[in-house]
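Assembly of the complex is requested from the two constituent chains, each provided in isolation within its own frame, with the hints serving as guidance.
Chain residues, written in single-letter form:
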Amino acid sequence: MDLPDFWFGVITLFWLGYLFLEGFDFGVGMLLPVLGRADVDRRVMVNTIGPVWDGNEVWLVVAAGATFAAFPDWYADLFSGSYLILLVVLLALIGRGVAFEYRGKVDSERWRRTWDRVIMAGSWLPTLGIGALLATTVIGLPMDAQGDRIGAWWSILRPETALGALGVAGFALLHGAVFLTLKTEGEISRRARRIGLRLAPVALLPMFALLLDVQLREGHGWTWVSLGVAGLAGLVGAQRLAAGREGQAFGALGLFIAAAVLTLFGALYPDVLPSTVDSAHNSLTVQGAASSHYTLTVMTWLAAFGAPVVLLYQGWTYWVFRKRIGTKHIPAAH
Amino acid sequence: MDVLGIARWQFGITTVYHFLMVPLTIGLSVLVAAMQTRWVRTGDTRYLAMTRFWGKLLLVNFAMGVVTGLVQEFQFGMNWSAYSRFVGDVFGAPLAMEGLIAFFIESTFLGLWIFGWDRLPRGVHLTCIWLVAVANFASAYFILAANSWMQHPVGVALVNGKPQLTSIWALLTNNTLLAASSHTLLGCLSVGGTFLICISFWHLARKHRSAPADHPERRVWFTSLRWGAWVGLVAFAGLAISGDFQGKLMFEQQPMKMAAAEALCNTEQPASFSVFAIGNVAQPDCESVKTLDVPALLSFLAKGDFSAQVPGVQQLIPEYQAKYGTNYPDDPALGALAGRPIDYVPDLPVTYWGFRLMIGFGGLAALAAAIALWFTRKGRFPDNRWTASPWVHRLSLLAITTPFLANVTGWIFTEMGRQPFVVAPNPTGVSGLFLYTADGVSPGVSAGEMLTSLIAFLLLYGVLAVIEVLVMARYVRGGLAGDLPPDPPDPTDSTDSTGATPGSEESDALSFAY
Chain F
1 MDLPDFWFGV
11 ITLFWLGYLF
21 LEGFDFGVGM
31 LLPVLGRADV
41 DRRVMVNTIG
51 PVWDGNEVWL
61 VVAAGATFAA
71 FPDWYADLFS
81 GSYLILLVVL
91 LALIGRGVAF
101 EYRGKVDSER
111 WRRTWDRVIM
121 AGSWLPTLGI
131 GALLATTVIG
141 LPMDAQGDRI
151 GAWWSILRPE
161 TALGALGVAG
171 FALLHGAVFL
181 TLKTEGEISR
191 RARRIGLRLA
201 PVALLPMFAL
211 LLDVQLREGH
221 GWTWVSLGVA
231 GLAGLVGAQR
241 LAAGREGQAF
251 GALGLFIAAA
261 VLTLFGALYP
271 DVLPSTVDSA
281 HNSLTVQGAA
291 SSHYTLTVMT
301 WLAAFGAPVV
311 LLYQGWTYWV
321 FRKRIGTKHI
331 PAAH
Chain U
335 MDVLGIARWQ
345 FGITTVYHFL
355 MVPLTIGLSV
365 LVAAMQTRWV
375 RTGDTRYLAM
385 TRFWGKLLLV
395 NFAMGVVTGL
405 VQEFQFGMNW
415 SAYSRFVGDV
425 FGAPLAMEGL
435 IAFFIESTFL
445 GLWIFGWDRL
455 PRGVHLTCIW
465 LVAVANFASA
475 YFILAANSWM
485 QHPVGVALVN
495 GKPQLTSIWA
505 LLTNNTLLAA
515 SSHTLLGCLS
525 VGGTFLICIS
535 FWHLARKHRS
545 APADHPERRV
555 WFTSLRWGAW
565 VGLVAFAGLA
575 ISGDFQGKLM
585 FEQQPMKMAA
595 AEALCNTEQP
605 ASFSVFAIGN
615 VAQPDCESVK
625 TLDVPALLSF
635 LAKGDFSAQV
645 PGVQQLIPEY
655 QAKYGTNYPD
665 DPALGALAGR
675 PIDYVPDLPV
685 TYWGFRLMIG
695 FGGLAALAAA
705 IALWFTRKGR
715 FPDNRWTASP
725 WVHRLSLLAI
735 TTPFLANVTG
745 WIFTEMGRQP
755 FVVAPNPTGV
765 SGLFLYTADG
775 VSPGVSAGEM
785 LTSLIAFLLL
795 YGVLAVIEVL
805 VMARYVRGGL
815 AGDLPPDPPD
825 PTDSTDSTGA
835 TPGSEESDAL
845 SFAY
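Chains as they are written, first to last, in my numbering: chain F, 1 to 334; chain U, 335 to 848.
I should point out that these hints are in silico values taken from the structure, not numbers from a laboratory.
There could be a bad hint or two in this list.
[To be verified] To list a few chain U residues with every Cβ distance to chain F over 10 Å, as calculated:
id, residue
1, F471
2, P589
3, A630
4, V679
5, W725
6, L731
[Said to hold, decoys possible] One-sided excerpt, in silico: chain U residues whose CB lies under 7 Å from chain F:
id, residue
7, S415
8, L429
9, A430
10, F437
11, F438
12, V805
Computed from a predicted structure; not experimentally measured.
Note that beta-carbon positions come from the ideal geometry of N, C-alpha and C, so glycine has one too.
Next up, chain U with everything else stripped away, as it sits in the complex (with noise of 0.2 Å):
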């Protein structure tokens, strides 16, 4: 493999495994965060026990989710030194932003959550997790607004072969960015309600069938699956919005995207959605592949309007060729791509299942939400053969993957779908303004170097996922040991300190300690 194609994949791995973690982090943060206020505004301690489980969750998977974020950060300037000197004067700002004001805020407030339980007033240790939520949210924003201008460039001019930023106002408020920010923060949320769901039932169902509905341990993991029902079910509305005004957007924007996600060969007027395809979709001459097909969808999907012409893939080639050139200049920085004749189509079976497997795991997910809510109506949880056998008990916990797999996929069909460029040509913005993806990596590195790190992340990534699950798991059995306060709160009892009602008087152990 050579040095591109190492820098690729190093890429698309280090970022997948970092979203796995991230989508998790901001969702569950917000939920805590909504967690703790009802505890503090009711004095309910099933809200306080809510608060510390799915808390516990949430930081041990926090942790993942920063270390991982360090490489990104980092990876720009070692393996796309290129790409780096070409759009810093645009990409470097809105990165800086992300670390001055939400890495700094949601590191530093989410230490004083973690350890200030006893030290801080209720009030004030309460909005140190609400500033960690708004801190993740806003940490998306950003990276989302750097993420988006590579897809669709404004806000600049290009002088001296490079883009120059003319207004951070326009990246900020870039189009792209405020579809692809609200549908990957709703899909956090739906992570997030799922989860919730899963774990709840998982032990509802396990344990607490028949309990009463006012058992201790049972209110806590009903409540928690309510919550993360609705969550999951508004986010999936949120995401059916989002997603339909985002793909009509890339319609206009990146045409051959879209296409691609179709693996539409050929123009058509009306076109038709394919749901589903047999045979082998790589092929843009579509002569080897039977779909099922809803006709006139597509134009609906694209336009907004049933009898709308979509163009395909056969005929946007000539189009591309004949604005972004047919061949890659003869640079040997390029490698074996120098000369070469420019290949516009974006992997086409990577785009299209990619694309219907996001649609796909994001309905399952939703569909979860659904049933849970419809089961667990008028505050009953069913207590029948299906709630009491172990393969359903699995299958929820099976489940808690599908909006990850959701966001991965739908994530890995927007960055492949945008190749071979790694900043996409506006079509409506500065002419001449994009990059290939062969230019961006970085010419003075070895191919020997880029190998012994992507060796050594596949490595240390594998072993760091194996420990994580491993420890989730052992916190999701666990259950709510701990976290429910002795009933009644007994105020001579000093002996158990991680009982011990916050903003209490202090006693000499710290309330969490490493």
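If we strip away everything but chain F, and leave its shape as in the complex, we get (with noise of 0.2 Å):
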């Protein structure tokens, strides 16, 4: 294996991390309307990702930069050929952000009601656009020899965009309500597990769908291998949260978005963004996108020794705030 195969796999791994740890705080986002039926209610829903939101949005932000350092290529074509679908993840992310932090700002009805909104719009619409955005980088989108889109904004959709937007979105409700039942106490615990168990047998669907046509279009032997953890994991995931038990439910839903992510990437490999226009041509490959020897060496070095750390002080402060919340830990709005 060279560089830019590893490199390959580190990118990998950022989806991978991001999309498990965003998957869940995006989650609660949007059953914010649904399981917060009292402003106490939503409260306790967005402070159990109040500390830990931004270091998982982060996982995007370096996800973004390392393609752009090891594959510019990549980065370019895909950010410039997907450009509304980014603007919109963008808008909506601004403003998630923004609410988080202002929705107790001010004690009105109104203020934290609008702001309400703004966090479940914020997490349904790039929910939707990471998953819209990881199926087009798999499937590949029209591009010319210099990467650069053919056609309109919307020669790009295709079915699969929809499975991956659908998928995604599957994925990040059923994570947030099995990670709500494990992160808070009460009724809300108990309406997230509800509406877990009504969720379970069709939010992975779309998902798997997607990972079936990608396998079936440009799979590999071994990533039926990965495919059919994933199925499993879904499946694991869903008895165990019909059983109550709740953490082996999360840990099955981060398996089977693993496995999810490797087949979809495995599958791509040794593209990593193919042309659906004279393809042998036009596809971008793992060893034609990436960068020089000496720069993947540079961010060799500093991926193996910052990612352990990274990976320390964050888990670290998910032990901290480990514990439960419930309506009686909230304080007076401020």
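Okay, here's the thing in structure tokens:
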């Protein structure tokens, strides 16, 4: 395995880390109006992710930055090609981040309701958009030999784009519901469990459909294995949730998204961004898109020292804030 | 407007907007960390109140800085895909470093600091805010490493027509970077210092003009004001020194930018510094402009020698044409510019006035700091008709904007002065390594998409600006409500959790919750 291959693996891991971590905090935001009936309920929900959402979001920033550094053409072609999808993601993420910080800053019902809507939209839209982006990089888009999109903005939309969008959204919903059963207590926890059980039979289906589609289209032999693991992990997750073992269900969902990302990027390899027009010439490959050996070496040292430290202190944060939160923990409005 | 124009406007607007939040975050985070350190060291509740009050404003502002920073990370790929492909081997690495080293620390430890008041031991909690402050500095350093490389490419070879990184060390010790980062970080401290001065003055002058020196709230505002004034003044001294150093570098590295900064039409020896101009500086022939000059000063600013020759715009144009060509290539990707003559002169009114406004606003901020220090010497606050005047109170709030404006105008000058290049050529570096801004824009994105994006950002940023200022104003007006612990602390009082001393027995309610 050479450095470009290694960095393809690292980018895969960034996607994985991002979808796993921000998956549940998006899910919490998406479920905000469904599970949070009273204001104090919604505050409980927001505070389960309060100390960590920003750190989770940095995974997206680092995934983008690392793609830029290790595969500049991948970054440039995908981001300019998926222009409007990313625009929506950005606008929504801006609103969402500000909403968490500002919703409690003015003591008015209207003010808080408005920000609650921003949090909900700001969680749904990026989830759908990131899913669409994931599907786009795996399926490809119509590109010329320079990597520029051929056709108008909608020329990148395909059935798989919708599957990817719904796939990540479905996963985030279920992941968020299970996370809330683990991190809250009392009525909210019970409500989260009920909605999780109701979602479980359908939430993972779009992602699984995307995996099957990609596997049949461009899969390798071994990606059948990860595909099987994803299917199994999904079933086990639903079963564990039904059995009242939310911790195990949460772990199984983590395995599901890991196996799903592995299948998608495994099938994609050795491409990073296929072209749906004249794919033999125009597709972007791991070797073709990679930065120079020197740059990748620098980046490898950076990742080798940086990433484990990040994992350690992010893990520590979850340990510090490990306690369940209930309505009795919420102080008066400030 | 064509794609290039829209992409440039969007980059300018979103970057200037982002850089309104960033200096305040950087400046305040280090000040808040210092306040909390004083509190942990001395146990004086004045410092706890300072930490809490300024910490709240830091958080309101930090959120906006984070979310507007996302746009920066994405728009290189979205709007400037050709630029990204060209510089990717070099430019991506500092961006990835910024994320992996700085952003993770910043976001994670800020979360720990906000929510950790009663969960973490005091020392650990204090370490969190220091880590945030240091990571803020580090993120500025890495992004400036990327920007300085665009100003002055080093550590690269040209391979297949594209720059390839040969030394990350050269990139991270680029002299342009050392100058730019010290100048920028001092600019951030100036913002933080002025913020403290103006808001503290407002509170002191309105409510505590005649309060005794040991009045608890007066002590908080008075100490904040003194801290802000010292920081503002020292930052300004540093800004002058680092600015002088940076200016001299720029005369070597981008002579056209500096000639444009002076609207210096023709080479002069010795060259005089224009303090002020009447008329239109847009014409590089200078016939229609009268300026107020200081003889020989520009020679000294440029070369450290009062008799040195400084090249003017008219003499630099043929020099640039000989080195970098007279016409754009006849490439359809360049749109209207294809085959056209290259205009090497940056927008002169913008560079000339940008440079002067930067210095002027920075000077005003320093003046405010000096006045504040003088009138509050020996622990006194003047109680007279000036400090009682509502107009002076309003003026003090208005003065908050001065270092912000200095930062903004300085950056607009720096970036506009680099035009028509996005990657400026290094006169002593690899020959042939530069990129015209017109060559960097995304070829595959339509004007309609970009315009949608520009309008969407304008609307959203406009709304958010109003909201941020409103929320900030509420907190400023609210003063120290809830920040000063009850005196003496009553250990049996568990009703007011916001006043609970950190590290005390855990109560049921969180010490902080969204």
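Hint by hint, here is what the structure shows:
no., hint, result
1, F471, "17 Å, holds"
2, P589, "30 Å, holds"
3, A630, "46 Å, holds"
4, V679, "30 Å, holds"
5, W725, "29 Å, holds"
6, L731, "20 Å, holds"
7, S415, "4 Å, holds"
8, L429, "4 Å, holds"
9, A430, "4 Å, holds"
10, F437, "5 Å, holds"
11, F438, "5 Å, holds"
12, V805, "5 Å, holds"
Going through the hint list in order, the structure satisfies each hint without exception.
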